[in-house]
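*Asks:* Listed below are the residues making up each chain.
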Amino acid sequence: MAIEPAKLAGLLAELKEAVGADSVLHGPAQLEPYGCDALTMYQRLPAAVALPADAAQVAAILKICHRLQVPVVTRGAGTGLSGGALPHEDGVLMVTAKMRDIVRIDPLARTAVVQPGVRNLAVSDAAARYGLFYPPDPSSQVACTIGGNVAENSGGVRCLKYGLTVHNVVALRCLTAAGEEFEVSAADAGYDLLALLHGSEGMLAVVLEATVALAALPEARATMLCAFDSYQAGGDAIAAIVAAGVVPAGLEMMDGFAVEVVEEFLGLGYPKDAALVLICETDGLAEDARGQLAQVERICAGFGARDVRIAADDAERERMWRGRKAALPAVGRRATDYYCIDGTIPRHELGATLEKISELSKKHGLPCANVFHAGDGNLHPLIMFHAGDEDEARRARDFGSEILAACVAAGGTVTGEHGVGVEKLNEMCLQFKEEELAMFHGVKEAFDPAGLLNPGKAIPTLQRCAEFGMMHVHDGQLAHPELERF
Amino acid sequence: MARARAEGVDFLAARVAGARGPLRIAGAGRRQDYGEPVAAEAALLETAPAAGIRAYEPAELYVTVGAATSLAELDKVLRAEGQELAAEPLGGLDETVGGVHAVGLAGPRRLALGTLRDHVLGCQLIDGGGAVLDFGGTVIKNVAGYDVSRLQVGALGTLGLVTELSLRVRGLPPAELTTALECSAAEALQRANEALAKGMPVAATRWERGELHLRLAGSEGAVRRARHELGGEEVAGANEKIWEPLAQLKAERFAAAKKVWLCALPPLAELPFDDLGLIEWAGARRWFFDDAPADVRGAVAAAGGQATCCRRPEGDDTPAFPTPAPVNLAIQRRLKEAFDPRGIFNPGRFGYL
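Residue numbers (my numbering), protein chains in the order written: chain S, 1 to 486; chain R, 487 to 839.
Hint data in this document are derived by calculation from the structure and do not stem from the laboratory.
It is possible that some hints are incorrect.
[As the list claims (entries may be wrong)] Interface residues of chain R toward chain S, partial, derived using beta-carbon atoms under 10 Å:
| no. | residue |
| --- | --- |
| 1 | Glu-546 |
| 2 | Val-563 |
| 3 | Leu-642 |
| 4 | Arg-710 |
By construction, the Cβ of each residue, glycine as well, lies at the ideal position given by its N, Cα and C atoms.
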């Protein structure tokens, strides 16, 4: 159902009046670049794109859309991996790219006040002169924005030690869907709206300004790399490291296939023929960084680690990380398309889940490289396929869905850090029962009674779940226990 | 994924579903004086049937615990594995896990550990209609659906009867020590924040009556170095003498005071009456007592913070909480409506809702 031409004309006229004609895009040629976020398998053009320059313009856009009952989807850099910023065909896509001022940094209080379009890495770059940094480091941190990070509650490599976005934001200034301004802070008594806004995928409010916490740049870093010959040994080593009370600033793994693909691309000299390669980094005061890494080394040795390498200097440390960080581009070179999955499982399930993914890879006839945040059990299987081949694309989606079902069955979740977006709406029906989903809709209505902010994302309708046919979990009993669920 | 339901939860759910009027939820009943009193006509609903440790996986760093479990029992089980809760609750060991979470306040070690809501992984609750709902889970990273688990922390039981919580745990730090030095309140704020900006392993700070205590925790080497760089005299037995009473609300001035203010502030904000207070969290939390000026709330708000009146003498009608701004209040009311449409859970607890 497309927006009526008269309504569109009225909307465009009002938007141009509010933010200037240059900052309103419409027509297929102008809208094309905004048709998807980083999950390219879902594409849709909005009715218009608006690029506000400041808080007053954001408020104006929201008020216009609220009055005309036009949906609004907020977009930062469009690096999201679940279709959270997929436009609404009858709505306005509001892009925060112009709002990229770092308003102030308070070095002693260790906070920065930033606009929503500020890039994640730009915060750390600006804080570096004070010996501080902003810890959450999603892999897209060069491009992704703080507003987007709040919407997705982004994690990254360092979050095992430093926490997710929700742990590192102390206050937000926001607008409701109706364009009313409000502030939430960690100091507030009453309901924790600050926590609730994190990971709400742009469905509850629009962020105008975030006050983020900064941490002291670590005095030292210590990094090691080693190989394991089985999924089980590597998985058990991870569980043992965490159980020992070591809190690394990075505890990452790649499977043998991912290593092979990366080696072909970069030739970094990672150990060959390993089931898993582990990269572990500890940081902090020099005493902590070195001591903790020595502990990790001892634990890994106990699980049969081989090719243990300790970075002698920063150059070697960078080299160890380069392969992990280049894993997605490397897979992108090998395959025409890849599909990045984002499930989380308890750490002790790592070995068994990797075996399961390997079986599913054979079943669907699609190669899959695994790179993951091992320390927090967050898997990112990368399924390789040809998007042009309809059957392969369908198999890739089925494969992904079955991985997520396996994560739920293992006691985990369908999304660790990428969000539900449009991608995992069906899988939400696996994880939650009807009353819980209804409560989520109640939360949405508390902030946005008219349902105009990013409608249709993140929380499936009850009808959709009924159609998906998985909605029959009661008291731990599936309606059809005889059916195999992956 | 629906989990096996613990004994007692269905009983509580039936009580809620069958309630014909408001309910006052109580665990150990130790914090009924925090916030406004629940409407007098509310019937007592004790969470006792939801007691016990449901699952504890030391290697996975989480524990799932019935809300009516006492902190003392949980502490004993965790310590046996060399672990503790990843966040330090503010409350006595005789309180329940559900109670300290409903209040939602963290203890002195927030600087190192974060707050309670930072480490809630999942919860089970009974909504106002008597339905048993599960949110979150037991893994650290989980962005499926809105974060209802964290929303329950500090909600004073007004958004549901929480029956079970999954909480992050952590290994006990290998080394700890406390130092003391004499300085003014302003100097204490400066020193504590400088130490944190340098990455020193400061777990807690406390300034009172001209004396600053720093609790250092971490590896042996890091603690030794911080001790050397930050100066001060080492205090023997500080955990028992200073930090535990503070975490358990048993410090001398809490016990004696008729009026207690808890203030959340930007850490370096200066109040004209700081000298009268007890300052924690490098300045981000400050307590004031009977001798504080009348308008603590106004002064704290002007400095960018919020003041909660935790205890009032009889006849003092100071509201416990500041009233939220209109937009926040409207959202909070609609949230309450979504979770508890009949308004039966702890009516009156926030005053303004």
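*Asks:* What hint numbers does the structure not satisfy?
*Replies:* 2
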